[in-house]
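2 protein chains.
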Amino acid sequence: MTNKAKGSDKFAIINELARRRGFFWQSYEIYGGVGGFATYGPLGSKLKQNIEKKLRDLFVNRLGILEIESPIIAPSKVFEASGHVNHFKEPMVECLKCKKRFRADHLLQETGKISVWEIEKMSLKELKAAIEKHKIKCPECGSAFGEPKRFLTMFKTMIGPYSKAIGYGRPEAAQGIFVEFKRLYQIAREKLPFGVLQIGHALRNEISPRQGLIRLREFTIMDLEFFFDPEEPNCFLLKDIKKEKLRLLLSEDKLKGLEKITEVSVEEALSKGYIKAEWQAVFMVFAKRILVELGVPEKKQRFIEKLPWERAHYAIQSFDQEVFVERWGWVEVSGHAYRTDYDLKRHMEFSGEDMRVYKELENPREKEKLTIRPVMAKLGPDFKSEAAKVSEMITKANPEELERSLNKKGFYMLGKYKIVPEHVEILRQKILERGKHFIPHVVEPSFGSDRLVYVTLEYAYRIKEDRALLSFPRDVAPIQLGVYPLVNKDGLPEKALEVHKMLVEEGFRVEYDDSGSIGRRYARSDEVGIPLGITVDYESLKNDTVTIRDRDSWKQVRSQIKELPDLLNKFFQWKINFEDLGIPFDN
Amino acid sequence: MTNKAKGSDKFAIINELARRRGFFWQSYEIYGGVGGFATYGPLGSKLKQNIEKKLRDLFVNRLGILEIESPIIAPSKVFEASGHVNHFKEPMVECLKCKKRFRADHLLQETGKISVWEIEKMSLKELKAAIEKHKIKCPECGSAFGEPKRFLTMFKTMIGPYSKAIGYGRPEAAQGIFVEFKRLYQIAREKLPFGVLQIGHALRNEISPRQGLIRLREFTIMDLEFFFDPEEPNCFLLKDIKKEKLRLLLSEDKLKGLEKITEVSVEEALSKGYIKAEWQAVFMVFAKRILVELGVPEKKQRFIEKLPWERAHYAIQSFDQEVFVERWGWVEVSGHAYRTDYDLKRHMEFSGEDMRVYKELENPREKEKLTIRPVMAKLGPDFKSEAAKVSEMITKANPEELERSLNKKGFYMLGKYKIVPEHVEILRQKILERGKHFIPHVVEPSFGSDRLVYVTLEYAYRIKEDRALLSFPRDVAPIQLGVYPLVNKDGLPEKALEVHKMLVEEGFRVEYDDSGSIGRRYARSDEVGIPLGITVDYESLKNDTVTIRDRDSWKQVRSQIKELPDLLNKFFQWKINFEDLGIPFDN
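Protein chains in written order, with the numbering used here: chain X, 1 to 587; chain A, 1 to 587.
For reference, chain X alone in the conformation it holds in the complex:
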């Protein structure tokens, strides 16, 4: 991570432009601002929507992945099951004098003397020792720190009027998918594989966020959970993309302290075991392509493998897709985790609901079948009015797990109910097994909308003849067209307003601008990245034509007004290029 002078680098420039032109800014400025919260203005919210639409178009419309929308607030139980209540913590130190609090790991990273992956492995004791060794003091007042602690970085609240009903703001959209798996599987007509996408706000109560859109307390996440049968892990899309290259930074090289990129084809990455699941490799390719389409060249992207202690608690393999940005170096824009059956299994344990799916076996085989029967005579006295419910839950529970737990621990927890051996009768029968129950595996690509917005802006930014322009890919530009009367008289504004109205009704996002010289208006529109400018001039009044100006080359062509809708639709669908829009025109 490099720390350049803050006034001059691209991060500073983009943030200044974003604030001034209304892409985004820190929220609640009138109250001094609150770290980790950003507000998107009209241009930024449209840019963000367009980026999200890009993922929807690919995943939902083309690949048939299901999209859902679930709440941001969830009851505590959900995040106890998912492991977040125990694991979603960050090491924190408090200054003994000014009482300001900081991420202990970030302070150590900033010394630059220990690698990120070494820090992630440290216990609280080791963190304390490292802070003392490197003589790290409070960045605000220079005093010493107290003992490091782990801070739960979820926002906590109460649901309803009872103080015991704890709820959390979701730190990921994924759990909203896992808890509804049974219903989603039914909607997917009980066939694997299938995927579910959720795009929505998520909350992480960061200790001291200071990196603009890169580290927010409230952000938009795009989580895609892809469910498949671990015995049939093959991806039917692989054949079309197996030759495509991926740039990997493997954990074995990281451990050696090397920042070495291994560039391999997808089939090589799979055959050499660099990537464990076919579907994961395929989603990594899609992620790479999406970033290329947002303007980030392949060379400025890499997939970095997480070391075992760096991975989230639910993953057996993880890659972060990183993009190089000027101020912060390599920054994660998407994560690709192989979550196995971890989440569904945990929700099955915590809820007592069967999250398994059933498949028929090609070759039926004889097998011993285990059945657990509730013994009402015993459940009744122990569970009273809830006995019927507990009995029902017992019949739904996984018999193997229940038996194993009874043998090992002497009891089994069904949600909050403690089942002991006398509550059940265990039966074994020989049966011809025609099918089996199993928990699907999951690979998850997860994108951060806000970071995609930021990298799209940084990579769109260029200087031409001393002027700033945002060279957005045409399908994500917030405004598609500017319409301008050459001068503000002689009927030109009226004609231009007609053209504007016609284009709005055709569904384009169009801005009308008649203030200042035409040169100033072009400059203004370049700075917010409007791909095409349509100017009504004196000739327009004679022959119903307009000029169309290209944001990037500043070239112009002349076209018939009545042909605009068709031409422009084709242009924004990437079917034709600027040169195809009309006859070259010199100003």
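Take every hint as true, because none was put in to throw you off.
Identical copies carry no separate label here, and so any pair may be met within one copy or between two of them.
DSS-like, lysine-lysine: derived pairs with alpha carbons at most 30 Å apart:
id, residue 1, residue 2
1, 53, 562
2, 570, 53
3, 495, 570
4, 99, 416
Everything labelled a hint here was simulated from the structure, so no lab data went into it.
Every value quoted in this text rests on a predicted model; they were computed, and no experiment measured them.
Knowing the structure of chain X, use the given hints to seat chain A on it.
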């Protein structure tokens, strides 16, 4: 409010269909469900997106209203300023025996013996007396209630690692707009009027929500804040819609106990003073049209005026747009509040930032100008290191208000800083006033996405030949097209998949279905409201045509495959009708 048998009415039917086909269901079912939270499945989330897009198309694309996206979590200060911390409360009673808690006003409403507007006026004492008079007992266990209390229905949390940094989940998206007014005004090129829209999740910690999508703890709100100069309140859109009728239920009639509809044109409503602001009347017309376009006839809509004590604390006039639904009677789908300068003024007071705008006067006039100068010699000792900041804040404060407060109270609160007379010097000069500062007024139309989803479903629902179908307006239908091979052999599936792929690439939302008889597939598609079904039959193989089936009439036409994209685009843009899609075809 009518309470029909729950098993048979439309609310029950819609909820059952919604759960079964994946429109929406109560969230967290595996953990027993949590009241007031809903998850949208693939069909529901798309339906909701399409409804939201309808508002965006009208307000943002056509009317040029700015859209923003701000966080859901805000620091306490924002809702102290907005008045929510003091006012956003509901009366609650707790059962003395089972400790369950209920909305006191809802319990009284359910007796049906007191009107809603009488209940809203009641003090806690009066609520208690009414509960005793009507002998209302706990609906769960039949016991008596304790003292009514007011419960703050905002979700509370902490921002960051400090326990004093209280934050709330926003109960409306509006405050995210008001707090950013200065920046938004600048983006609007410092011209009034202009509007700002925000669509996003909002949170209300309801005491005991029990009405599905009608009353959620987490919901999607679409708040539009329209800022105008109260001295120039005229709406330039009025001329086009002044003859349009509105169905009003006026407060004067409500007070008389009449449910009388006053049907008047917009110009009449304004001239008679029924509606106070032109912009408000115009947005009410747009709201009515949107509901008509979602399938709710005008006769099933009304605008009910809120009585002074029913209105939110910020409004001087409010109408609720209500739609009649079978189970719940008249249900609010949008609110239209004239918020005046209330919110901006409050944020100005609480933040110390000037939220006024400036306008030039047509006739400059001589005026006494008040200037407040900070006296550093006094500020220094009192505010120490913060003196410079306080001095800066004094120069930005509204001088009239500061002087008034000093005269009246002997001090003025600038945020957390207490300013006393010796801190400032007050100067008066005669100046030629060329312009003036003022706080814009605001009218707010505010729509509930989830309720719009519900009423769209209820009004789309019909029975034809004993089968349920959802007759969605074609532009909001979650899936636009079904593609079906007539039978699963002889190359028909291959051909149908080709057609499917072509339509997906053209950007349509298309479902492919080859399971079961064609009749069953049509029935399934009608039940989820797919407007058109495209069937590949044996003739398709000969002459590259398909049949197109209309969901509502079950009629069919035959068309060329290659003409489909153009025809279907026109159909979904309402440019042509079903009959124009091809040659009538009898099955």
